[in-house]
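So the sequences go chain by chain: A and B.
Numbered per numbering that gives the first Met the number 0, the first sequence finishes at 179, counting up by one with no gaps.
Numbered per numbering that gives the first Met the number 0, the second sequence finishes at 103, counting up by one with no gaps.
Think of the hints as simulated: they come from the structure by calculation, not from any bench.
A hint or two may mislead.
Stated by the list, open to error - Per label pair, the in silico range of CB-to-CB distance:
id, chain 1, residue 1, chain 2, residue 2, range
1, B, G84, A, A80, 38 to 48 Å
2, B, E85, A, D92, 48 to 58 Å
3, B, R74, A, V155, 14 to 24 Å
4, B, R103, A, K112, 54 to 64 Å
5, A, I53, B, T71, 12 to 22 Å
Said to hold, decoys possible - From chain B, some residues computed to sit far from chain A (all C-beta separations above 12 Å):
id, residue
6, P36
7, V38
8, V41
9, P43
10, V47
11, V48
12, Q82
13, G84
14, L86
For every residue, glycine included, the Cβ atom is placed at its ideal position computed from N, Cα and C.
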Amino acid sequence: MKRFSSARLSIILAFAASTHLSAQASPPNLSDPEVAHVAVTANSIDIELARVAIAKAHNAEVKTFARTMITDHSAVNGQAAALAGRLGVTPRDNPVSHSLLTGAQAARASLEKLGGGAFDRAYIDREVAYHQAVLDALDGLLIPTTENAELKKLLVDVRPAIATHLAHAKALQGSLADDR
Amino acid sequence: MTWWGFGALVFVAAVLSGARPGPGRHEVEIRGMAFHPAVLEVAPGDTVVWVNRDIVPHTATAKPAWDTGTLTQGRHGTIISRQPGELRYVCTLHPTMQGTLVTR
Numbered sequence: 000m001k002r003f004s005s006a007r008l009s010i011i012l013a014f015a016a017s018t019h020l021s022a023q024a025s026p027p028n029l030s031d032p033e034v035a036h037v038a039v040t041a042n043s044i045d046i047e048l049a050r051v052a053i054a055k056a057h058n059a060e061v062k063t064f065a066r067t068m069i070t071d072h073s074a075v076n077g078q079a080a081a082l083a084g085r086l087g088v089t090p091r092d093n094p095v096s097h098s099l100l101t102g103a104q105a106a107r108a109s110l111e112k113l114g115g116g117a118f119d120r121a122y123i124d125r126e127v128a129y130h131q132a133v134l135d136a137l138d139g140l141l142i143p144t145t146e147n148a149e150l151k152k153l154l155v156d157v158r159p160a161i162a163t164h165l166a167h168a169k170a171l172q173g174s175l176a177d178d179r
Numbered sequence: 000m001t002w003w004g005f006g007a008l009v010f011v012a013a014v015l016s017g018a019r020p021g022p023g024r025h026e027v028e029i030r031g032m033a034f035h036p037a038v039l040e041v042a043p044g045d046t047v048v049w050v051n052r053d054i055v056p057h058t059a060t061a062k063p064a065w066d067t068g069t070l071t072q073g074r075h076g077t078i079i080s081r082q083p084g085e086l087r088y089v090c091t092l093h094p095t096m097q098g099t100l101v102t103r
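Based on the sequences and whatever the hints tell you, model everything.
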């Protein structure tokens, strides 16, 4: 199985506030079941953060964006689960997923201290950075290194949705900045 | 059954199945987070069908004129375009996705 370079690994971990793996001497090997676990974890993280945003966001468009994140990332995870079932593969926990979760916990903790417009801006800033990092990870790491054709196709099919989320988040980022 | 009766039955079945878009019926495919074609020209009274091929749900919405509602993967929504003119529509879930329906 292919190995990830530290530089490439840092792309996928760029959105994790705590990048324990980037400090490791030897990046881990990731099998396809581990790539699937990373993808499912990345979706789940955004769903959980969107739930926080629905509860705390002040701006109606930010709440709508958060609802779309839940709908879309849940749909992707549904497809991933169906594919894993069809292939008889169990997504395998791995250090990259752990690092993503650690970063997500830190992001959530800092967001929960905020309220009103400050929360909205911080959440959308995080979504811009997160989707950009996921896009970079898909292009530079996950799609090129995935070996199973169906898993690779799923990642390719998901890419436009991530790019659209990024564009949507950037548009909101601009409108929230104008409201300052 | 007579030959005439058989022919009529085949015609009715073909119409009901709607398997092939014919005159007055147009299909817009939603895939890769975009409407294909992005600009569609139709005649008044034509039927337009949006089919979602993406993993994530979409809408085709031109409020207050019409709204397909949420279309999950594989589902379709239909409108009949009656009002001449150019109408821009969006996916309300992903506002960066835009299309245009021209009726003339």
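Here is what the structure says about each hint:
For G84 of chain B and A80 of chain A, the hinted distance range of 38 to 48 Å is satisfied, since their beta carbons lie about 45 Å from each other. A beta carbon spacing of about 53 Å between E85 of chain B and D92 of chain A agrees with the range 48 to 58 Å that was offered as a hint. For the hinted restraint 14 to 24 Å between R74 of chain B and V155 of chain A, the CB-CB distance of approximately 22 Å keeps it satisfied. Range check, R103 of chain B to K112 of chain A: about 56 Å between beta-carbon atoms, so the 54 to 64 Å window is met.
Checked against the hint of 12 to 22 Å, the C-beta distance between I53 of chain A and T71 of chain B comes to roughly 21 Å, which is consistent with it. Distance check for P36 of chain B against chain A: the nearest CB is about 17 Å away, which clears 12 Å, and the non-interface claim stands. Distance check on V38 of chain B: its Cβ is at least 19 Å (rounded) from any Cβ of chain A, clearing the 12 Å threshold; non-interface status holds. The claim that V41 of chain B is not at the interface with chain A holds, since no C-beta of that chain comes within 12 Å of its own (minimum 26 Å).
With a closest Cβ-Cβ approach of about 32 Å to chain A, P43 of chain B is found to remain outside the 12 Å limit, as its non-interface label requires. Here V47 of chain B stays apart from chain A, with its beta-carbon at least about 22 Å from theirs, past the 12 Å limit. Every CB of chain A lies more than 12 Å from the CB of V48 of chain B, the least distance being 21 Å, so the non-interface label holds. For Q82 of chain B, the requirement that its beta carbon stay farther than 12 Å from each beta carbon of chain A is met, with the minimum near 28 Å.
Distance check for G84 of chain B against chain A: the nearest CB is about 27 Å away, which clears 12 Å, and the non-interface claim stands. The beta carbon of L86 of chain B is kept farther than 12 Å from every beta carbon of chain A, the shortest such distance being approximately 22 Å.
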